[in-house]
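Below are the chains, spelled out letter by letter.
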Amino acid sequence: MAEMRASDRFSINSQLEHLQSKHVGTGHADMTKHEWAVNQHRDSYACYIGRPSMLHYFAVAEGESYGRVRFECMQRMIQPCGPPPVQKE
Amino acid sequence: MHLYALTLQRATAITAAIHGNFSAPKVQEIVVARGKLLELLRPDDAGKLQSVHVHEVFGIVRSIQPFRLLGGNRDYIVVGSDSGKITVLEFRADAGAFVRVHCETFGKSGCRRIVPGEFLAVDPRGRAVMIGACEKQKLVYTLNRDSSANLTISSPLEAHKAHTLCFALVGVDVGFENPIFAALEVDYDEVEEASAPADAAAGLVYTKLLTHYEFDLGLNTVTRKWSDPVDPTANLLVALPGGDDGPGGVLVCSESFVTFRAPGHPERRCLLPRRRDMPADHGLLVVSHALHRQKDLFFVLLHTELGDVLKVSVAHTGAVVSEVVVRYFDTLPTSVALVILRTGFLFAASEAGNHTFYQFQGVGDDDELPAASSTQLEGVALDGEVEAVLIEPRALRNLVLVDEVDNFAPLTELRAADVTREGSVQLCALCGRGPRSTVRVLRHGLAVAELAVSELPGTPTAVWTVRTSAAAEYDSFIVVSFVNATLVLSIGETVEEVTDSGLLGSVATLSVQLLDGDSLCQVHAGGLRHVRAGRPISEWRAPAGKPVTRASANARQVLVALSGGELIYFELDALNNLVVHDKKELGQDASCVDLAAVPAGRQRARFAAVGTWDNYVRLIALDPDDCMQVVAMKALPAPVESAALLDSAHAGLGASTLVLAIGLSNGVLMRTSLDAQSGELNADTTTIFCGARAVGLSRVQLGGRAALLALSSRPWAAYAHNGRLSLAPLSYDALDAACSFRSEQCAEGIVAVAGSTLRIFSPERLGEVFHARTLQARYTPRRMAVHPSSGLLVVVESDHHAYGEALKARVYAEAGVNAAALLPSDAEPPPEPDDADDARVEPPLAEAVVGVPRAPDGRWASCVRVLDCASGAAVCVLELPDNEAAFCVAAVPFKDMGGEHAIVVGSVRDLALHPRSLTAGYLRVYRLVGTAGAAGSASLELLHETPTEDVPYALAPFHGRLLAGVGRTLRLYELGKKRLLRRCEARNLPVLVQSVHVLSAERVVVGDLAHSFHWLRYRPDENSLATFADGTTPRWLTAACALDVGTVAGADKFGNVLVSRLGEDAEAETVDVGSAADGYLGGAPVKAEEIVQYHVGELVVSLQKQRLSAASHECVLFATNMGGIGALLPVRSRDDIDFLKHLEMHMRQEAPPLCGRDHMFFRSAFFPVKDVTDGDLCEQFASLPMTAQRSIAHELDRTPSEVLKKLDDLRNSVL
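Taken in sequence, the protein lines are chains P and L. With the UniProt record's numbering, the residue at position 66 of the first sequence is 66, and numbering never jumps. With the UniProt record's numbering, the residue at position 427 of the second sequence is 427, and numbering never jumps.
Keep in mind that the hints were calculated from the coordinates and are not lab data. Glycine included, each C-beta is placed from N, C-alpha and C at the ideal position. Please note that the accuracy of each hint is not assured.
Unchecked claim - Coverage of chain P stretches by chain L, computed from C-beta distances (three or more under 8 Å per stretch; other residues unrestricted): (1) 18-29; (2) 47-60; (3) 76-87.
Stated by the list, open to error - Mimicking SDA-like on lysine to any residue, the simulated pairs with C-alpha atoms at most 25 Å apart in a straight line are: (4) L:K161 with P:E35; (5) L:K108 with P:E35; (6) P:K22 with L:D189; (7) P:K33 with L:H914; (8) L:K48 with P:P80; (9) L:K1170 with P:E35; (10) L:K161 with P:D43; (11) P:K33 with L:V991; (12) L:K108 with P:P85; (13) L:K1170 with L:T969; (14) L:K1105 with P:H28.
Make a model of the complete structure from these sequences and hints.
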């Protein structure tokens, strides 16, 4: 067991990378607040787009057509939280 | 607590629609997805859409596409759902159901960002399918045939690209080249990497690409073949016919533009025609489309968000497109999906209000309106100015409306109340959006179309219709029997009396029947008369002193009961003479006799039912070997009024059993099935209370099958629907006798007598549980309140992006629109013109169809409407001025008004939605003055208005005072002379008070918009309101209702229903603690427990604890914004809970959901399902094959019929 753990330690980074590329939105140690929020918003919008009754609910609230609300949700997935903050060097 | 969840009315909204030949070759059919339902619709010969089959898939259907293998003649249905699987279905006509052909897993279940299911595209030549997710993943499946012509599906090929969002996906028609799928994509990686805030200010930070994925059939790989930037607002792709039929390529629809794109071809961009009154800065979005193709012609219809249908024609030579022309076609209500059938029909699935079905009258070519063309934009830069073609909506010219399908969605509130003051509750539903808003009053039962009413000389006792020959298509005579006479009326152009029918007119008739050999048999008190064409009338006379009292006949048999209790049985012999076959002494006078219809291919019906005055019904065998033997007996609790035997094969119920219906004198209808061979009665008797009168039974035809009418103080119909016998009241007057009626004018009607009138009517839309009366509204109705003493309904309506009446008139005037030719959305549509002369007058254009001008953000229109639902009239409409929007209303019995109910309306001025801001909120108190009723002169008189600092969103009466949720504050108001007076308040609720419910004199529960329930205690001595308990999970609440002093039911935005309960001693625990006592981290000291969890799958907008009729149990009624209505019925006994849980468990095994979503996972989508049994799944038991039914029933120690009876009882105890 101990040996396996030792070998795991070498591959853990690549395993994590694989995990992160496979499951979009998986966090990592250096994640910024912005990245975290963007991921969460994208997840939410994808969830709304997949649920027609939710889109109908928004459409009523906003007085927009269903097609427009769905399109807006998709558009907002591009940059849900605005442009990323400027990185301080 | 254990609840049984039952759908009473399925969702009516449509989310996707496709057409094809699903059940058989060349049959034009439509498959629609309604959220979690799949339904097959088929237009009948008259152009009416009929629902053929509905199936609940226990999952969300996100996308559907028809798929036809090369050379095939029927379409499969490919379904992308939330199951993480791709499902291929076919509709089997023999089974009358969708059957799963393939179900391939590719990912996790749920509506996730990178799990495919949202987009589905099929290769037009039927070779491959691509299924895509919102982000990253796309999979391609090859579909093919194996050697025995079965559909095969390959393992998937990946076409993933990380950081890529997908907006649309379509299969490009490339003839028989390698299949190509086109996608609209945005790579967000560059947005995140490259853009500094400075770039964002400069303009767009992303590029939208049209990407072609080529599926190489030879190498079995998918590659990105071509990618080119398109308009950043592009939202929709339409594939054009390719190969020999057209240019191929796609139309890219973006805001205000449609562009033809193909690799290596210059783009052809065309500006879409715009409405005159549309703001110039608003892009015009295309929301749905349909492609029509025939041999030498194809065109595309685009439906804009405003409702205009635009016809796109593409001028091409081979694959070279020279011009794209867009013409205004017609205006329909904004749709979610458009479907063109090859038979020349157009189905528009409306996003709000009824779905519409049109027939094409033209293809819009001869239009004098100017067309927009791509040539106008040639040489113009992308951001260059071009003048748009201006259009104005007009009456339909190319289409004609042939049918409407009811749609309640989007539904905003449902309330059960007696608004028509008729003594029973109706359901009031607030439906629709904007100018398509309606208030619908729903009643349980079938709607009836009355065709004729005529007065008769005297009061008839019975009515029949007869044909003169078995081959005749239509009925020939209506026979009406009075106390001492019989009237025979012939059916033709007009209905008139005839005297040469051969029937005796001077006596009361007991039965009239057409017998085999085209002869008529009339039974009266004095005997039996057999009228044969061309032969002398033969008569049988009843013995002296023993008149005939009851009689029943079918095509070959006649059974009469004589006074004194003798039964005489006649049968037709080989020469079609009616001869006495047998006799029997009952020893009792018969109260009713009934013969079943002769089964197809048989000589006689096997059984007759005879009821006697000693409360028994006997089943008598009629076969020669055991003729007149009593084979079964049933004791009844009350005198038998009527009995009827219904052959289940005739009624369309499949298996060969007979259904024995018995009407009792106390208004109860009993129903038992019996073995068609032995006559043995099954132990599955169900009883239904039909009304306050003895129940009479009549045999009729409904939906082309044998059915029964049960006539009590209300008529009921028992008919087969979806393979089950369903019983529903008819919304019609009480009837005394009825019979089926068929004539040239009326394919399937009922003739009945009520009092001294003869009525002809036909039930409409079999299968619907509720039928609605629709009242028009002006804006989206948000909330309603019932004024208790008058029964009037007060509805508040408000719309975002809309102009109020005055502003709208100005907008019309500025745009040069003739507002006088428009029919306001809340006006009743004018009656159809009767003759051709009237038709020349242009009917006004209904705003409900063409829509109203769109206002900029932050512009609201609102009104308060008082409706008298009994007459259907709007008694009073108050338009709110100054950009105000009303959001809540309540009828509050103020102490200071002596308990009279005042109407309180909460409204907001200048509301901005994101983030919430406003200039003022108001609570207005109105008094209802005047009287309701036929005169209808009530109006609202404003007492005073009280400004508030935030949005008043929830109101509730509280012991002669008013509790109002104002933003994050719950406030107690008392009525003052000039305004409402604050008495006390609880501040700092988390987000916004969404609902307020008073549980007791000291306890109030507040539903927070985002943070579940908060329980507050009111202390009269201290005059304080303080939170003492809250929930543990953050819930985005949408609806709530109080169940008891410690229990509330709630629903959240994700489609879940919960019941939250406080422990018994919750209050005691906090009673010593001061009102300032805090729990942990700002929470309350006591936590309520969520004791019931259930995922409905649609957003629940309304909850109410209610009993729907006097005979039903109390349940929690819920309505979803997709138009569905359901009930949560508390199950009381431990045995029942046990039974239901086990049945559900077996059903999950035997009938797993069609699209592959695990049932338990679906019901637990957000929270694990708890203490709820899914009645919809249990009721699918009836559609299982018999062997599966038997094995499940065996596991449950019951027979299948007992299981079905139990399920029926549960359903009947709700309605």
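Status of each hint after checking the structure:
Counting residues of the segment 18-29 of chain P whose CB lies closer than 8 Å to any CB of chain L gives 4, which reaches the minimum of 3, so the coverage claim holds. Taking a C-beta to C-beta cut-off of 8 Å, the segment 47-60 of chain P contributes 11 residues in contact with chain L, enough for the three needed, and the coverage statement holds. Under a criterion of three residues with beta carbons nearer than 8 Å to beta carbons of chain L, the stated coverage of the segment 76-87 of chain P is upheld, 7 such residues being counted. For the proposed pair K161 (chain L) and E35 (chain P), the alpha carbon gap of about 19 Å is at most 25 Å, so the pair holds.
Under the criterion of a C-alpha separation no larger than 25 Å, the hint pairing K108 (chain L) with E35 (chain P) is consistent with the structure, at around 23 Å. At roughly 16 Å between alpha-carbon atoms, K22 (chain P) and D189 (chain L) fall within 25 Å of each other, so this suggested pair holds. Restraint check for K33 (chain P) and H914 (chain L): satisfied, since their Cα atoms lie roughly 22 Å apart, inside the 25 Å limit. For the hint pairing K48 (chain L) with P80 (chain P), the CA-to-CA distance comes to about 45 Å; that exceeds 25 Å, so the pair is violated.
For the given pair, K1170 (chain L) sits about 36 Å from E35 (chain P) by alpha-carbon distance, which is inconsistent with the 25 Å threshold. Distance hint between K161 (chain L) and D43 (chain P) is fulfilled; the C-alpha atoms sit about 17 Å from each other, no more than 25 Å. A hinted pair counts as satisfied when its Cα atoms are at most 25 Å apart, and K33 (chain P) with V991 (chain L) qualifies at roughly 23 Å. For the proposed pair K108 (chain L) and P85 (chain P), the alpha carbon gap of about 33 Å is over 25 Å, so the pair is violated.
This hinted pair does not check out: K1170 (chain L) and T969 (chain L) have alpha carbons roughly 32 Å apart, beyond 25 Å. The straight-line distance between the Cα atoms of K1105 (chain L) and H28 (chain P) is roughly 48 Å, outside the 25 Å bound, and the hint therefore fails.
Checked against the numbered hints given earlier, the structure breaks hints 8, 9, 12, 13 and 14 and satisfies all the rest.
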